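Residue numbers (our numbering), protein chains in the order written: chain A, 1 to 556; chain B, 1 to 223.
Honestly, the hints are just simulated from the structure, not real lab data.
No experiment lies behind these values; they were computed from the predicted model shown.
Just so you know, not all the hints are guaranteed correct.
What the hints assert, rightly or not - Residues on chain B that point at chain A, a partial pick, calculated with CB under 10 Å:
#, residue
1, Leu58
2, Arg95
3, Pro103
Glycine is no exception: its CB is placed at the ideal position from the N, C-alpha and C atoms.
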Amino acid sequence: MPARVMVVWCPDWPVTAGVAAEDLAARAPAAVVSANRIVACSATARAQGVRCGQRRREAQGCCPELVVLTDDPDRDARAFEPVAAAVEGLAPGVEVVCPGLIALPARGPARYFGGEAAVAERIVDVIATQARVECQVGIADGLFAATLAAHRGLLVPPQGSAGFLAPLSITELHQDATGVDRAALVDLLHRLGLRTLGAFAALPVDDIASRFGLDGVRAHRLARGLGERPLARRDPPADLTVTRRFDPPLDRVDAVAFASREPAEQLHAALAARGLACIRLGISACTEAGEELHRVWRCAEPLTASGIADRVRWQLDGWLTSRDCRPSTGITLLQLTPEEVIGGQALQRGLWGESGEDDERAGRALVRVQAMLGPDAVFTGVIGGGRDPTDRVRLVPWGDDRVPARGAEDPLAGSSMCTEDPLAGSSMCTEDPLAGSSMCTASPWPGRLPAPSPSRVFTRPLPAEVLDDAGCVVGVSGRGRLTGVPYRIAMDGNPPRRVLAWAGPWPVEERWWEPGGGRRCARMQAVLDVTGPADDPLAVLLACETGHWRVEGIYE
Amino acid sequence: MMGVGVASVQVTPASTLSERLDVPGGRPSYPVIEPLTVLLPGGGLRRGSVIAVRGSLLLLLALLAEATVQGTWAAVIGVGDLGVLAAAEAGVVVRRLALIPRPGPDLAPVAAALLDGVGLVALAGADGLPARARQSLAARARQRGSVLLPLGQWPGADVELVCRVETWHGAEGGYGRLRSREVVVRAVGRGAAARPRAARLLLPGPGGAVTKALRHLAIKAVL
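Same shape as in the complex, but just chain A (with noise of 0.2 Å):
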């Protein structure tokens, strides 16, 4: 005998929430549209006409003033999130079956409200003030019946299930909730005659399976108002902030290098028995005199118990010894909190090596660095498409997603950790030079200046004057040729140099198509002579955009 179970359904869910995100009117008449078909209506879009499984066309030929909109999952599942919350609020073992439903077992709650009718007219209650959307609830014995008396607003009376579906049709068969399609078996049982759940469920059991098979069965059961499976309880998230109360303040180092360890442990434990491990802390302090300090640590690997502590002692030292922010009285409260966290296999090992002691090493030096000089001190570089020098390049601070600027280096590699090993080995210098780029990249970047790349790229380009033999400002004119030929280059307001060798130019035109966003510069490569008997020849990359030049970078 399946338990008594009570639903809540949100009607037109997907509606619901697609109206709330737009910041529609409640009552237009809406529409969601996947694959050009309707998902869900609005009940003022239904009343005009609007059916599920319509074409979008058909659906606005009813309906003209019809808000379409699109189907997006995770909208739904997180527009749901306060509902579950106000549920929760009020009876604990909640089951989010999808968005818009929600199961949770009916017998405590009722016992505790004083009967099933008063639960159900509380939860209506509770949804409709906090979450601010209309609910209908049932209860039944199973899942599969507690659904359909929701979608009845019904409460079915213990032992009443089989009673309850059994006048009822046997296309409600496409209402459980778990996802499985039915409609091959709908369809073959309405050709064989059986119109209503009653009438499949009087079949002898061992006929449906011989016939139908396993999912026969539980469709079967499910019409006989047995349970297909038992209720998978949520729990509510676990609060696993530690906080310690330090009495007296701690205003010295080295109590702090004590007293960080024991809840670094702590935490470390609490997370390593629910197998998570911690990827962002955050560690927040308060002082005697009220002010708060917080500050979030981001890692590549999931912290250790040492590693936790030593994140902990830095900030605590960084905060106790900086000299601009130094709070005026010693710490009194400490609070770890684990702001992301991920499975704790992922801490595993690599078996030959990977992520390994030299990673682990660089990774604590690195950090280090970060405690003495701020996070934004130390860099990674990850490559990406582009053209210029600079473009292609983004500087991403220690411990942050290695992701690209623009573009990914490599359309078959997925993840941003896999996108450099292309580069890693040989395959880059055996590519022709002459192809344009010596490195793959998923889209073509016409202009893009072939390796060798400059060894200083500036931040700041330098001001550069090229003139030609007269001494006159040699310029690049609309079609993309210089106006004379460059003799000497000035470089950031040094002395001319003479040129011994040029190439270009080379224009650059991007993003003309959009308005205000358009680039057209040229470049040119050239190498100028020395200045002094110590001195080397110089190759520089010039760009020229809107009749200045500029130094982009350096062979050095």
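Put chain B on the given structure of chain A with help from the hints.
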């Protein structure tokens, strides 16, 4: 028969003795790409040593390349406008190249912290460091088995590599493009590196990586 086999396995040539004694903890040097091996005693970056690089940032990057491929981390302190793309073309695995562009006044403590965990630490702007700070950094590198690579002068460096640019190939009178640069790198130093060595290299060579310069191969603009 048996005795001969054992003897031939256990005897070590005396020529390798001084190098083995130099190595702290007996660990091997960090490898460098093949064209650079002739410049360094032992053919690699000996752990615990100080190797000064003068005249070329790209030479420094090329020295880091092979070690990062094999999993060692490298850090470059105080070079604010390093071309990461050029580093990748020189063969450096940029995922293992940490950049600290603005160390501020704490140059020596930052370098010391990095020497603890990072195998290869390049340091620019060390000219202003007092002699005591330099000595303590060199001692830190020796103790941890890391390699300190100052960019510029470093009195008392184990090896000093000086790069002089000879010519650029590829660009001529508006045609072609810069393809390769011919340089001469000279190595002088103390101890095992006392004998001066020199190499003529293409730095960068075609495609960005370092290659040996071949004199008989006249590289001219094709266009």
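Check your understanding: Can you name, in rising order, the numbers of the hints this structure does not satisfy?
Key -> none
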